[in-house]
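Once you've looked at the hints, dock chain B against the given chain A.
Note that the protein sequences, when read in sequence, are chains A and B. In the working numbering, each number is its position in the first sequence, counted from 1, plus 15. In the working numbering, each number is its position in the second sequence, counted from 1, plus 10.
Don't read these hints as lab results, they were simulated from the structure. On a predicted model such as this, the values are computed, not experimentally measured, just so you know. Don't be surprised by glycine CBs; every beta carbon is placed ideally from N, CA and C. Possibly wrong hints are sitting among the right ones.
Said to hold, decoys possible - Computed far set for chain A versus chain B, every beta-carbon distance over 12 Å:
hint : residue
1    : L359
2    : L434
3    : K475
Said to hold, decoys possible - Simulated restraints on C-beta separations:
hint : chain 1 : residue 1 : chain 2 : residue 2 : range
4    : B       : I171      : A       : V172      : 36 to 46 Å
5    : B       : L195      : A       : G68       : 35 to 45 Å
6    : A       : S468      : B       : R39       : 34 to 44 Å
7    : B       : S207      : A       : L323      : 19 to 29 Å
8    : B       : V426      : A       : S468      : 46 to 56 Å
What the hints assert, rightly or not - Going by beta-carbon spacing under 7 Å, a handful of chain B positions derived as facing chain A:
hint : residue
9    : L14
10   : A145
11   : V148
12   : A155
13   : V178
14   : A186
15   : Y189
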Amino acid sequence: MTLAVIILLALGGLALALAAPNFDERPTVLGGISGTIFGVTLLLGFAAMHESGVLYGAVQQGPLTGLAIVLLSLVGLLAAAGAAIRENGFAAGSGEVHALMMWGILGGVLLVGSAHLLMFFLGLELSAYSTYVLVGYDRDRRFGTEAAAKYLMLGAVGSALLLFGMALLYAETGSIAYAGIAAGLSAHPSALAVGGLALMLVGIGFKLAWVPFHAWAPDAYQGALPLMAGYLSVAPKTAVALGLAVMLTQAFGDAAGMVRGWITALAAVSVVLGSFWAMGQGDIKRLLAYSTIVHMGFLGMGLASGTLTGYVAVAYYLAAYIVTSLGMFFSLEALEAHGIASNLEAWKGLGRRNPMVGVLIAVFVLSLAGAPLLAGFLAKLYVFAALAQAGSWAALIVAVIMVIFGYFFYFRILTALFLEEPGEKPAVEVSATAISLMFILAAAVFVLGVWPSPLMQWLKTAVASLMI
Amino acid sequence: MTLLLIFLPIVAAALVGLLPDPKAEAGKRIALGVALFTLLASVGVYFAYPVGSGGFVSQFRLDWLRLIGSSFHVGLDGLSLPFVALTPLLTAVSVLASWRKTDKGFFALMLLLQGALVGLFAALDLIVFFLFFEAVLVPMYFMIAIWGYEERRYAAVKFLIYSLVGSVFMLAAMLATAYLAQPALGELSFDYLKLLSASGYLAALPAAAWLFWGFAIAFLIKLPAVPVHTWLPHAHTQAPTAGSIFLAGLLLKMGGYGLIRFNLALFPGELKHFSGLLAIVAFVSIVYGAYVTLAQRDLKRLIANSSVNHMGYVLLGIASMTAVGLHGAVYQMVAHGVITGLMFLMVGLLAERTHTREIAAMKGVYPAAPKLGGVLWLALLGGLGLPGLAGFLGEFQSLWGGFLGVMTRPYVWWAVFGIVILAGAMLWTIQRVLLGKAETEVADLEPYEVYAAAPLVFLAVLLGLVPALLTPWIDAGIQPILTLVQEVLK
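So here's chain A without its partners, still in its complex pose (with noise of 0.2 Å):
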C-alpha cells in the first residue's frame, strides 16, 4: 500500500502538472482530482499502517509511515478543497498548485517513511523544492518574489548544512543508513559525530523554523498567499517531526539522549523567543508566523522527552495544528480574496461585519492559544504531561509561563475581530464554500478537543513502533 501511495502521489502530480494549462479556465477540475488522489491514499495509508518488511532497502512500511500518510493526505486533501475559496483560480495557474503540493506530500511521506540517510534528503528536498515555488507563487507582487527568494536560499543554507552533517555522520559511522549509523554511534560519540549531528540538526531546524533557524518564516508567510502559508505551516512540518522523531528512535541510537537535550535547548528559545516577537506584530501573516515558531517549540519538547506520552503528544499536537492552522488560514485566504488585507488594522470590527466569520476565526485562535475545550489546549497539555512524566521541571515552567504570553498576542487578533468599532466599513462577504470549509474544520478543532479519545488510541497504537 506504501509503494501504492508513492506512485500515486507520483504519477498523479505529474498528470496534474500536463493537465494544468488545459484548465486555466475551470480550476475546480483539477482541484477535485486532486482531492480524489488524496482521498484514496488517505484510506490506502490506513491500509499500510498494518504493513511490515522495507521496500528497496529504503522505505519503511509500518503503522509510522500510514499514520505520516494519513495526517499528510489529509493535508493535501483540504488544501485541495482551500484552493477552491478562490473562486476565479489563482493568477499564475490552477493546475500547477495541485501539482506542487502533491509532490510536496509525497516528499514528506518518503521523509517520515525512510530508513536512508539519502532518502530522508531526497524527501526533504521534494517538499522544499514544491513550498519554494509556493510560496512565490503570488509573483506579481513585491513581497512574493521577496518571500521565495529568502525562502529558497536560506532554505538552500539548511539543506546544505543537512547534507555535511549527514557526511560527517557517514564518516564517522561507515553507513547512511539508519540501522548501521545507529550501530556507529555510542552515548559519547567522537567530536565528528557530535559535528554531524549538530549541522543535521540545524538543517532539521531551518525546516521546523527553531529559533535562531527561523528567520525566513515570516516573510515567507507574509508574502505567500495565505492558502499556500497555510499548507507550509503544515505539511513540511508535519514531515519533518515525524521524520525526526524516526531518527531520534531509529538512527541516532545511544547518541539520542544528547540530542534530544538540544532539541530542548532549540523548542525552549524558539518558545519564548517566538512569543517576545510575536506580540509585536500587526500583521496577522507575520503573526501566526511567529506563532508556528512557538508551536514548534512545544512540539519539540515533546519530541525531546522521548517518551510514548511525549511521541503520542507530538503526533496530537500535528493533528490538532493541521486543523486549527488550516482553518486559520483558510480564513485569512476567503478574507484577502474578498479585498481584505490579512492586517489588524484591516480586521477591526470584523466580528461585527460578519458575526459568523468572527466566530469561525475565533475558535482557530483560541484554540492556536490553548483555550479549553478546543484541540490546541489538549495538544499543549500532553506536551505539558510528557514533560511532567520526564520529570523536565524547567522546561514545563518555561512553557506554561509561555502560554500567558501566547494568550496575550492572539487575543490582540480577537480584540480586532470585536472590540474595535467597524467604522463605516461595510459587511463582510465570504463564499459558501470558505464558510462550509471553516465551519467543517471548527468543528473538527472542537470534536478533537472535546472527544479525542479514538483519535489518541489509534496514534497510541501508531507511535508504540517507535518505541521498539
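Just chain B now, with coordinates in the frame of chain A:
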C-alpha cells in the same frame, strides 16, 4: 443531575448565540428560563443531599484522556453544593439586571459562565477543574471588554493576564502532583478522590512546597489576596452590572473553594507550615482592603475594594485550619456572594439612572427612590457585617477560628481593626449617598428589578437568622477533609 446543571446552560448558550434574534428578546427569556430551571434543580439537589452521611452525590465518571489518566469525573458534596446553588441564582439575578440589554451575545456569555462555574465547583478531576477554571476566563474577558465601562479594555486584559498567571502555575502543579503521586497510587491519575488517598505520600515529598504554591498562587490571585489583588478594582469597576455580580459573587469563590479543596486537602502539611504567612496576607487584606475602601470616590470601586476585605476573612479562616475557621470561610463566601451581589446590583441600577458612579455626585438617593435606596441600605449594612445579616456569621466564625488557630491568633487582634474601618467606610457611604436631601430625580426600581433583588435580600436576612440552612452542608463538606488532615499531620 450534575451533568444537567453543567451542560444545560452551555447548550442553551449555543442556542441563544445561534438564534436569529437581533433584539435578544428570545435570548434573555431563554437565559432566564434556563437559570430558573437549573436553580430549581440545584435547590432540589441541595435539600436532597444527605447531610448526615456526607460524601459525594450525583457522581458521574467517564474515561476521557486515558493516556494521562484523566477522566471526566464530577460530583457534588456539602462544600460544593452551596456554590452550585448560588451560581444559577446569581445568573438569574444578572439576567434580570441586564433586562434592558439588546445583545444576545451578552446572555449567551452569561449562560456559558454559569455552566463553566458549576462545572468547576463539581469537578472531581484535576484536569477537569483546570478546564473549567480556564473556561470561565474567556466569557468573562469578553463580558468586561465589550460591555464594560470606559476603561474596559485595560480592565479586561488585566483580569485575563492575572488569572492566566495563576492558572498556568496551577496546571504545572497539577501535572507534577499526578506524576509524583504515581508511585503511591500505582497508576497515573488526576482523579481528586484517588489523589486524596495519597495525600500522606504527597506530604512527604520534597517538592510538596512547590506543589502547594503552584495551587496557592492561582487561588490567592482569584480570591484575591493583597498584594495580588490589583486586578480586582479595575475588573469589578469596569465590568457591566451582570459581570460584577458574577465576578464578586462567584469568580472570587473559585479561590477560596480551591484553597480548601486542594491546598488544604492535598497539602495540609504545607498549609500548616505556611499558615503564619497566609495569616499575615489575610490580615493585611482585611485591614488594607478596608482602609482602601474608605478612600474611594467611585461607588462601584468602593464595593470592589470592600471585597478584598471580605475575602481576607475567608483566607484567615482557611489558614487557621480549624473547623470553626473553615465554617466561617465557607459561610463568608456564600454570604459575600449574596450581599456583594446585591450591592453591585443596586449600584449598577443606580449608576444607570444617574449616569455617574461618583459618590460626590449622588445625594439623597433614599428619599428620591425609597425602594432602591432601602435595598442598597440593607446591602451596605450587610457588607459591614451587621449581626442579623448573613455576613456577620461568616466574619465572626472566621475570626473566632483564627483565634483558635495557634499560628493565626496573633493576627486576629489586628484584623479586628478591619471591621471598624470597614464599618466606618460603609456607614460613611450610607450617609453620603443615601441620606440628605434629594437633589435630582432618581427613578425607583422597576418591578423586574425588584424581582432581581428580592431573592438576594431574602437570603441575606435568612442566612443571617437561620444558619441551619447552610452549616450542616458545610459540616458535611469539611469534616471529612479535617479528619484526613489530622491523619496526615500526625
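So, going through the hints one by one against the coordinates:
Even its closest Cβ contact with chain B, about 14 Å, leaves A/L359 beyond 12 Å, as expected for a residue assigned away from the interface. Non-interface status of A/L434 relative to chain B is broken: a Cβ of that chain comes within 12 Å, the nearest being about 5 Å off. At the 12 Å boundary, the C-beta of A/K475 falls inside the reach of chain B, the nearest C-beta of that chain being 6 Å off. Evaluation of the 36 to 46 Å hint for B/I171 and A/V172 yields a pass: the beta carbon distance comes to about 39 Å.
Between B/L195 and A/G68 the beta carbon distance is about 41 Å. The supplied range of 35 to 45 Å therefore holds. The beta-carbon spacing between A/S468 and B/R39, approximately 37 Å, falls within the hinted interval of 34 to 44 Å. Hint check: B/S207 to A/L323, Cβ distance near 26 Å, so the stated range 19 to 29 Å holds. The hint said 46 to 56 Å for the Cβ distance between B/V426 and A/S468, and at roughly 54 Å that hint holds.
A distance limit of 7 Å between C-beta atoms decides the matter here; for B/L14 the minimum to chain A is near 18 Å, and the interface restraint is violated. Using the Cβ-Cβ criterion of 7 Å, the hint placing B/A145 at the interface with chain A is satisfied: the shortest such distance is roughly 5 Å. Taking 7 Å as the C-beta cut-off, the interface hint given for B/V148 holds, the closest approach to chain A being about 6 Å. Hint on B/A155 holds. Least Cβ distance to chain A is approximately 5 Å, under the 7 Å limit.
Taking 7 Å as the C-beta contact cut-off toward chain A, the hint placing B/V178 at the interface holds, the least distance being around 4 Å. Using the Cβ-Cβ criterion of 7 Å, the hint placing B/A186 at the interface with chain A is satisfied: the shortest such distance is roughly 6 Å. About 5 Å separates the beta-carbon of B/Y189 from the nearest beta-carbon of chain A, less than 7 Å, and the hint is met.
Hints 2, 3 and 9 from the list above are not met by this structure, while the remaining hints are.
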